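Colleague: Taken in sequence, the protein lines are chains A and B. If you're matching positions, the first sequence starts at 1 in the working numbering and goes up one per residue. If you're matching positions, the second sequence starts at 1 in the working numbering and goes up one per residue.
By construction, these hints were calculated from the structure, which means they are not laboratory data. Here the structure is a predicted model, which is why all the values come from computation and not from measurement. No false leads were mixed into what you were given.
Quick list of in silico lysine-lysine cross-link-like pairs, DSS-like style, CA-CA up to 30 Å:
hint	chain 1	residue 1	chain 2	residue 2
1	A	K43	B	K121
2	B	K121	A	K38
3	B	K82	A	K43
4	B	K152	A	K38
5	A	K38	B	K82
6	A	K43	B	K196
7	A	K32	B	K152
8	B	K81	A	K43
9	B	K81	A	K38
10	B	K153	A	K38
11	A	K38	B	K196
12	B	K153	A	K32
So these bits of chain A aren't anywhere near chain B, every CB distance computed over 12 Å:
hint	residue
13	D56
14	Y68
15	L83
16	P84
For each residue, glycine too, the CB sits at the ideal point set by N, CA and C.
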Amino acid sequence: MTNGLYLPIIVLLLAAVAFALTPLVLAWIWAKRFSPHKPGPSKNAVYECGLESEGDAWIQFKPGYYLYGIIFLVFDVEVIFLLPFAVAFTGFSIGESLAMLVFLLLLVEGLVWAYQKKVLVWT
Amino acid sequence: MDEKLKTELSRQGIFATTLQDLYNWGRKSSIWPLNFGLACCAIEMIATTMARYDLARFGAEVFRPSPRQADLMIVAGTVTKKMAPQVVRLYNQMPEPKYVISMGACAISGGPFKQGYNVLKGIDRYIPVDVYIPGCPPRPEALIDAFMMLQKKIEAQYLTGEDRPRHLNAGEPSEFLVPRFGAHDLEPPQNPAIWKAPLVQISQAGTDESRND
Numbered sequence: 001m002t003n004g005l006y007l008p009i010i011v012l013l014l015a016a017v018a019f020a021l022t023p024l025v026l027a028w029i030w031a032k033r034f035s036p037h038k039p040g041p042s043k044n045a046v047y048e049c050g051l052e053s054e055g056d057a058w059i060q061f062k063p064g065y066y067l068y069g070i071i072f073l074v075f076d077v078e079v080i081f082l083l084p085f086a087v088a089f090t091g092f093s094i095g096e097s098l099a100m101l102v103f104l105l106l107l108v109e110g111l112v113w114a115y116q117k118k119v120l121v122w123t
Numbered sequence: 001m002d003e004k005l006k007t008e009l010s011r012q013g014i015f016a017t018t019l020q021d022l023y024n025w026g027r028k029s030s031i032w033p034l035n036f037g038l039a040c041c042a043i044e045m046i047a048t049t050m051a052r053y054d055l056a057r058f059g060a061e062v063f064r065p066s067p068r069q070a071d072l073m074i075v076a077g078t079v080t081k082k083m084a085p086q087v088v089r090l091y092n093q094m095p096e097p098k099y100v101i102s103m104g105a106c107a108i109s110g111g112p113f114k115q116g117y118n119v120l121k122g123i124d125r126y127i128p129v130d131v132y133i134p135g136c137p138p139r140p141e142a143l144i145d146a147f148m149m150l151q152k153k154i155e156a157q158y159l160t161g162e163d164r165p166r167h168l169n170a171g172e173p174s175e176f177l178v179p180r181f182g183a184h185d186l187e188p189p190q191n192p193a194i195w196k197a198p199l200v201q202i203s204q205a206g207t208d209e210s211r212n213d
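Next up, chain A with everything else stripped away, as it sits in the complex (with noise of 0.2 Å):
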C-alpha cells in the first residue's frame, strides 16, 4: 500500500533526472562526434582575461579589517536592541532589567576580550 504511494513521486524523481541528463549526454555525444575538442593555453588558463596573471594567488591576507569589521556589526545590531530598551527602561521588571544587562555583559566581554587580543589596534 505504502509502495503504490510513492511510485508516483518515484516516476517524478526519474523524470526529473532524465530531463536533467539527457541534454548533457546528447552535448556528450555531440562532442564526440562532430566537435573537436581543442584545449590550448591561453584557453585553459585559471583566469580569463586579457592580460596574463602574475604571481601566485595563495598569499595571506591580513585579517585586520574581518575582525574589526565583525565587533563593528556585533555593536551595530546592539544599538537596535539598546534603543527599544532604553525607551522602555522604566516600565521592566528586574528579571527583564537583569537579562539585558546579562546580554550588555556579554557583549562588553567580547569587547574587552578583542582589546586585550589587540584586535582594535591596528598595525
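Based on these hints, arrange chain B on the given structure of chain A.
Modeller: Positioned in the frame of chain A, the structure of chain B alone reads:
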C-alpha cells in the same frame, strides 16, 4: 535532404529538418557577443543593444563579460599596438565556435591612424575576421547588417565534409599567435598564417576576380 522534397512536405503540413539545419539554427539564433569596446565604435555598439535598435531581436543581446561564455568578438574601435596582444588573447580564450566582426575603419585597417606609429593596421593581421563593417563609426544599422550577414554565413555552414567550418575541423587551430609588445613594434608584426600583404598590381586593377568577394 532534398530541398524540393522539403518544400513539398511543408506544403502538406509536414515539417522536416536535418541535424545540420537544427544546429545552424541554434547557433545563429544565440550569438553571444563579448562585452568589450575599444573606442568610439563601442558607443555605437552600445546604442545597437539599446531599445531604439534592439539587437535582442537577433538573439544577441546577452553581452558576456567573460570570453568563456561568448561566441562573438566585436572588435569595436581602434586597436592600438599595446592593446592588440590582449585582444588576441581574449579571442584565444573564447570557446569554439567563435566569430569576429571587425567594426569600423580602425579595426579593419587602422583607419585615420593608419599612417601613425602606434595603431595596429587591422585586427585581421592576428585573428580571422568573419564580417567587416566600414564606417567611422558605423551606424547601429550597419552593425545589425553585419549580424544578419554573420547569421547567413552560419546558416550556410556544413556539419561534415571538407567545407566544414574551422571549429568542426580537428586539424584547424583554435588559438592564434599572441603578439608581444616589443620595443619598436609588435613581434611579429603580423601572423603569417592568417594574413598576407595584399599584392597590388596596378596593371591588373579591376581584372582580378579572386579579390572581389
